[in-house]
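J.: So the protein lines, in turn, are chains C and G. Residues in the first sequence are numbered consecutively from 1, following the numbering used here. Residues in the second sequence are numbered consecutively from 1, following the numbering used here.
Some hints could be false.
[As the list claims (entries may be wrong)] Below are the DSBU-like pairs computed for lysine-lysine, each with C-alpha atoms no more than 35 Å apart in a straight line: (1) C:K23 to G:K490; (2) G:K173 to G:K135; (3) G:K96 to C:K142; (4) G:K96 to G:K20; (5) G:K490 to C:K20; (6) G:K96 to G:K109; (7) G:K490 to G:K96; (8) C:K142 to C:K20; (9) G:K173 to G:K209.
In short, the hints are calculated from the structure, not lab data.
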Amino acid sequence: MSESTRVNGAAPVPVTLTMKDFKSDQEVRWCPGCGDYAILAAVQGFLPELGIAREKIVFLSGIGCSSRFPYYLNTYGMHSIHGRAPAIATGLSVTRPDLSVWVITGDGDALSIGGNHLIHALRRNVNLKILLFNNQIYGLTKGQYSPTSEAGKITKSTPAGSADAPFNPVSLALGAEASFVARTIDSDRRHLQSVLRAAAAHPGSALVEIYQNCNIFNDGAFEPLKDADTRDDFLLRLEHGRPLVFGAEGQWCVARTAGGFGLEVRPTEAVAEADIVVHDTGIADPSYAFALSRLPRPDLRHTPVGVFRDVPRPTYDDTVRQQVAEARIPVTSTPRQQLTALLHAGDTWTLT
Amino acid sequence: MTQVSDISGEPATGARRAAKPVARLERVIIRFAGDSGDGMQLTGDRFTSETAQLGNDISTLPNFPAEIRAPAGTLPGVSSFQVHFAEYDILTPGDKPDVLVAMNPAALKANIDDLEPGATIIVNTDEFTPRNLKKVGYAANPLEDGSLGSYHVHGAALASMTIDALAVHEVSKKDAERAKNMFALGLLSWMYSRPYESTLRFLERKFAKRPDLVTANIAAFKAGWNFGETTESFSVRYEVAPAPLPAGTYRNITGNAALALGLVAASVQSELPLFLGAYPITPASDILHALSRHKDLGVVTMQAEDEIAAVGAAVGAAYGGALGVTTTSGPGVALKGETISLALMLELPLVIVDVQRAGPSTGLPTKTEQADLHMALFGRHGEAPVAVIAPRSPADCFDAAIEACRIALTHRTPVILLSDNYVANGSEPWRLPEVADLPDLRVAFATEPNGPDGTFLPYLRDPVTLARPWAVPGTPGLEHRIGGLEKADKTGAISYDPANHDHMVRTRAARIEAIRVPDVEVADPGAAARVLVLGWGSTYGPIGAACRRLRQGGHAVAQAHLRHLAPLPGNLGDVLRRYDKVVVPEMNLGQLSTVIRARYLVDTVPYHQVRGLPFTAAELETALLEVVADV
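Here chain C stands alone, though its shape is the one from the complex:
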């Protein structure tokens, strides 16, 4: 097991487990055809790779279809309340450095009711792996538009079309200065697992957006990214150290905007090779990754998938624990002796 898959700095314990070990005895109850099944299978298939004992893994979720996820994994798990899983996970992570803590959330859970907790977990860089299932719709409440639904979306609650502009979860996470941000797709197990691997190896917060199909209320939302005829032209696969060239014929590339701040997609033939951007996940300034996150068109053309950003940053957990550890260094007395001294601190007087 590599150094990078250590849990919160705890020494790794070699454990040999299989996908079967991570299946719980609960009947899975998502709608037939839901993208969540594929994600569940990918995660169950990936977890043995961590080399971590099941009891050291915790999945916490909020509310929504995706948030039923913990029930189906044979690890420790908590299905909590709407939007609050990152906050609950923070309390667990900071007090239990020996655990691998994962948060399962959806677009409504993470970005609407729980938006505050998500951005604060990311800015603190709590050691959490946050898997955000984005299906661009409210599924469990039967089909209202979500904070990632496209503008003008017609749903039960927006018969005249949504007046909201959507969040781009990757842009949002980068705006909160998340130290690890990635995007993947439910149907591409190999890609999904490669992203999970990178997220697990990252010390600190990892936000993984997973495009997930809701075949009941928003079917085919990401179809152009999956269809064999279109996907190669639509998907920009991010690989660290590789030039950002994509398209079935490699006909597109990413270059810096002339005189502007950001990045743009241009025909490869029109760009000198030296001017094609080489992907680097380790750029400290989040502006590069943010510019990447702004490339997709409304029709999903130029959608980057893969790791946008993976930079080292002190984690909240480590900093808090270090403060405690440093405060305890000079302490030689027992806790009860310390408590006695604490009670007697300040101005006291004795009556006989």
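Given chain C's structure and the hints, the job is docking chain G onto it.
T.: Chain G in isolation, oriented as in the chain C frame:
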């Protein structure tokens, strides 16, 4: 008569005179009042500390505006600190000050109505300018128009005398002027023969990084002391003898400080790390501040992004096996409601401290009230019973915090601790407990499967406490999933079965009723009373003082005070039915009364006040007398 001299090491200002006579008083109530920026809380706090060391019994009442700096010299900007000290045990900060220190016209105007004729007023004459007088609506200078004729008024140019006294030191005029509160403290310390060494040490600590301010403040203090000694305005000084309190080591403590120490003690006694999730809110923030300084004992404090995250993080920590606590005030509890319900569904230990303030909404954030009782008992969705307890005095916050943790840990339930602004910021002498005498709060985590064939049943209950196992992540073989969805009995699996839900709802209620709480005690000297006064929380002092007055006047009256609001003590119904009348004074519109009537079918005589201030003993005495005389 004792010979006293001026403060050693400094020549007295002005000509030396013979030491003044000393008169003995049984008790004194002093109120320091000034502008928000005048340092009245600090002044009162120091005077209290000096007084505590003398062995007097003490009770204090800070009263300050919500604004950090309201417009200078205005009535809304007045901040005050009342200290009551006596040679016998006292229960309240006192009703009517014997001495008012008024640093400006606004302080005089805001407080004069609370004084009885004959009271002493010390005013800072520097501030009694036409502009300042006009600002608070004085048509004429009350120091000159005879309107204060029934009081003993001592005018002193506190600010200019302080500036003069500091002229030889290298401090700016602004810093010198700001030290006038120490001049006032020095004067009052002289008047009441307080030992001042601790104040000098305090000033050295407080301004350790500004030696010039240490010098300035100490010089101002000494100037004030020596002014008392030398000026002809004060012909006598006073002493209040130590109170005959039980033997032991004491310190003066506020409720918030005691509560923080109680939580630390519970952490030590349970051998669990204390995790506090909190969002700043008046008047609870001091608990966060205090606990954030105890990292040496393994305490982790998290200033969360909001109230919901604060309690959520505490639940997460509790899930992982820590002592999870969140501290807040009423508006915060409203926000935390959903998470408290989750914790009770998960059946995890959690302590929620509500330092109540006057509501609803932002209300009067620096004033006191006990109007969150119904929210604590009933303010959640569904059938959501939790344990509720309340401290009765500042020092009692220590014991109440330990009791809250005991119930939470033993019974795996959220516990709401209802403190309030009065006990949180008020102070009294606290006899320090022996750590060896504190309860053992250690818990046993689940370590082994408890079901058939090596399975783990996360909702298999202890037959006595009805608590489920506390199986923390990291325990091999006990992997399980919990959540807010209704659970099947024993297995904890998701269940939509109607009979199971009915069973689980009733079981969650039974869990709370199964908490063992001590019987309520009744103070009924002579056992002749026909009227019982029932209170809860911070009204203990005023009710006790009122009952004492009634008894001194020859009336029999019984007093009972509730620490446990949920579950209620087992003997409470019997106690209530023993009396012809049950009076329930509350700083709300009758919330405990409603509970008592509904639960025991015993009528009550409610007595309410929601002025943001604690009851005075006098008003309670009057109200109780009406009932006592009527039976």
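J.: Of the hints stated earlier, which fail here?
T.: Of the numbered hints, 3 and 7 do not hold.
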